[in-house]
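Enquirer: Take a look at the letters that make up each chain.
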Amino acid sequence: MTEGRGAISRRNLLKSGAAGAAVAGSIGPGGVALAQAEAEMPPHARVNVKVNGADHSLDLDTRTTLLDALREHLKLTGTKKGCDHGQCGACTVIVDGRRINSCLTLAVMHEGAAVTTIEGLGTPDNLHPMQAAFVKHDGYQCGYCTPGQICSAVAVIEEIRAGIPSHVTQDIAGKPPLTTLEMRERMSGNICRCGAYSNIAEAMAEVAGVKA
Amino acid sequence: MRPFTYERATSAQAATAKAAATPGARFIAGGTNLLDLMKLEIETPTHLIDVNGLGFDRIDATEDGGLRVGALVLNTDLAADKRVRKDYAVLSRALVAGASGQLRNKATTAGNLLQRTRCPYFYDPNMPCNKRKPGSGCGAIGGFARQLAVIGTSDACIATHPGDMPVALRALDATVETIRPDGTTRAIPIADFHRLPGDTPHNETVLEKGELITAVTLPKPKKGRHIYRKVRDRASYAFALVSVAAVIGKDGQGVVAIGGVAPKPWRLDTADAALPEGAKAAAQRLFEGARPQPDNAFKLTLAERTIASVIAEARGA
Numbered sequence: 029m030t031e032g033r034g035a036i037s038r039r040n041l042l043k044s045g046a047a048g049a050a051v052a053g054s055i056g057p058g059g060v061a062l063a064q065a066e067a068e069m070p071p072h073a074r075v076n077v078k079v080n081g082a083d084h085s086l087d088l089d090t091r092t093t094l095l096d097a098l099r100e101h102l103k104l105t106g107t108k109k110g111c112d113h114g115q116c117g118a119c120t121v122i123v124d125g126r127r128i129n130s131c132l133t134l135a136v137m138h139e140g141a142a143v144t145t146i147e148g149l150g151t152p153d154n155l156h157p158m159q160a161a162f163v164k165h166d167g168y169q170c171g172y173c174t175p176g177q178i179c180s181a182v183a184v185i186e187e188i189r190a191g192i193p194s195h196v197t198q199d200i201a202g203k204p205p206l207t208t209l210e211m212r213e214r215m216s217g218n219i220c221r222c223g224a225y226s227n228i229a230e231a232m233a234e235v236a237g238v239k240a
Numbered sequence: 355m356r357p358f359t360y361e362r363a364t365s366a367q368a369a370t371a372k373a374a375a376t377p378g379a380r381f382i383a384g385g386t387n388l389l390d391l392m393k394l395e396i397e398t399p400t401h402l403i404d405v406n407g408l409g410f411d412r413i414d415a416t417e418d419g420g421l422r423v424g425a426l427v428l429n430t431d432l433a434a435d436k437r438v439r440k441d442y443a444v445l446s447r448a449l450v451a452g453a454s455g456q457l458r459n460k461a462t463t464a465g466n467l468l469q470r471t472r473c474p475y476f477y478d479p480n481m482p483c484n485k486r487k488p489g490s491g492c493g494a495i496g497g498f499a500r501q502l503a504v505i506g507t508s509d510a511c512i513a514t515h516p517g518d519m520p521v522a523l524r525a526l527d528a529t530v531e532t533i534r535p536d537g538t539t540r541a542i543p544i545a546d547f548h549r550l551p552g553d554t555p556h557n558e559t560v561l562e563k564g565e566l567i568t569a570v571t572l573p574k575p576k577k578g579r580h581i582y583r584k585v586r587d588r589a590s591y592a593f594a595l596v597s598v599a600a601v602i603g604k605d606g607q608g609v610v611a612i613g614g615v616a617p618k619p620w621r622l623d624t625a626d627a628a629l630p631e632g633a634k635a636a637a638q639r640l641f642e643g644a645r646p647q648p649d650n651a652f653k654l655t656l657a658e659r660t661i662a663s664v665i666a667e668a669r670g671a
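If you're matching them up, the sequences are chains Y and D in order. Using the numbering used here, the first residue of the first sequence is number 29, and each one after it goes up by one. Using the numbering used here, the first residue of the second sequence is number 355, and each one after it goes up by one.
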């Protein structure tokens with residue numbers, strides 16, 4: 029990643045979130061001249077968020093995306109970083125009931141928000157119906173895109189039930205039908221390089237209670 | 355990403371004053387485009403003013419029978435609004451043809467107007483680009499230009515405006531409402547909002563420093579079939595090669611705006627007047643003086659045929 033390139037020292041980088049967490053193990057914080065580091069410290073801000081029902085108050089480098097806050101600060105590594113540019117959907121989480129790309133939003137912009145990640149949907153002993161359906165229908169191969177696919181899939185069915193139209197909705201003024209055509213179109217922001225799409229569609233159809 | 359300070363704005367007036375007085379300040383709302391570009395260090399703001407708390411998130415009826423759409427209304431919510439779906443279907447259609455569900459849940463009305471080009475030379479810092487680095491040249495002219503503009507371009511830039519929503523707004527004669535740092539407001543017709551590149555392709559809109567979009571207003575609904583037809587390399591989640599936003603009656607009278615072909619949503623009164631004569635006549639006027647590249651000359655044919663298809667749908671079925 030390009031975070032901090034040329035603008036701040038490697039020492040500060042150690043203290044500045046994701047990149048820091050990634051290399052801290054190999055360098056160690058022991059040699060940091062604290063006074064100097066603090067003088068050069070990039071701007072921080074505080075944000076209070078509820079994640080999977082638990083309240084958190086985080087003091088973050090303002091550059092920290094919601095994705096990095098979840099993974100590197102809250103250690104919720106279920107949410108994945110794929111492209112980090114909103115193109116692949118691996119980072120999809122549900123914020124205040126809406127699915128979004130957590131890589132394309134700053135954590136500090138979510139004061140008071142309620143975030144649901146894959147860890148909040150279900151647990152290995154108590155799977156969410158969508159998780160169970162993905163297992164049953166083999167809706168993955170390598171599994172990297174799966175948390176994003178599942179968060180998106182859960183939200184997609186809610187979006188259709190809420191009457192939000194899509195590109196394939198014939199009657200734009202009417203209520204969109206809960207069909208596989210609608211679900212497939214709405215899942216276009218989640219890429220699966222293994223190509224498990226047809227099985228994902230079958231898993232969603234089962235949860236939605238429609239014919240695949 | 356370069357470091358930046360961050361604040362949550364509490365009033366529009368204070369936000370505009372702060373933006374005007376602070377070098378390197380930018381507003382942020384949805385952030386889906388700005389953050390993408392900040393990660394690539396194409397955008398390098400030193401101060402972000404988060405305007406999400408300013409309350410511009412309502413869609414209200416106007417006195418003259420139109421709608422006033424708050425700047426912060428999300429793409430999803432604008433597309434799903436019952437009044438928009440019934441009376442401004444071309445706008446709903448354009449919105450759901452753009453981006454992905456996740457992005458539409460974050461992207462705002464004002465932010466979509468300000469979306470920057472997806473020209474690959476703008477996105478690649480190793481390439482010359484007059485829009486990204488004024489005076490550095492244009493790598494796209496004579497380069498891979500399949501996605502890029504055929505009309506309204508200059509010797510400095512052939513980038514397209516990538517949006518779908520603004521093309522529908524152009525067909526609907528929308529107006530962009532703003533507040534300026536001195537507290538005055540103004541209403542900018544959508545036709546005048548985006549600039550053509552000329553010698554200064556980095557100046558993309560007529561907004562002044564610190565000026566903040568507060569709403570987009572739609573005049574009372576246009577009669578006729580509302581159609582948005584987008585032609586792209588994938589069936590979903592891809593930018594337009596050509597898109598057509600149209601409101602056309604059974605008699606063939608109406609309006610047509612084209613996306614994917616120019617630095618701004620492309621519409622001409624003379625082309626609207628020629629619509630009853632058919633797609634060829636309209637396209638001739640729309641693309642008079644076009645300067646396509648070898649890679650994108652197909653857009654002229656594609657646009658005419660897409661207009662023909664839209665006219666047939668409007669007049670026939």
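One should not assume that every hint holds.
What the hints assert, rightly or not - Straight-line Cα separation of at most 35 Å, DSBU-like style, residue types lysine-lysine; simulated pairs: (1) D/K372 with Y/K203; (2) Y/K78 with D/K372; (3) Y/K109 with D/K393.
What the hints assert, rightly or not - The following residues of chain Y were derived to be distant from chain D, with all beta-carbon distances above 12 Å: (4) G150; (5) P205; (6) C222.
To be verified - Listed below are several chain Y residues computed to face chain D (Cβ distance under 10 Å; list not exhaustive): (7) R126; (8) N129; (9) V196.
For the record, the hints were derived by calculation from the structure and aren't laboratory data. Note that the Cβ used here is the ideal one computed from N, Cα and C, for glycine as well.
Enquirer: Hint by hint, where does the structure go against what was stated? Just the numbers, ascending.
Expert: The structure conflicts with hint 1 only, although it agrees with all the remaining ones.
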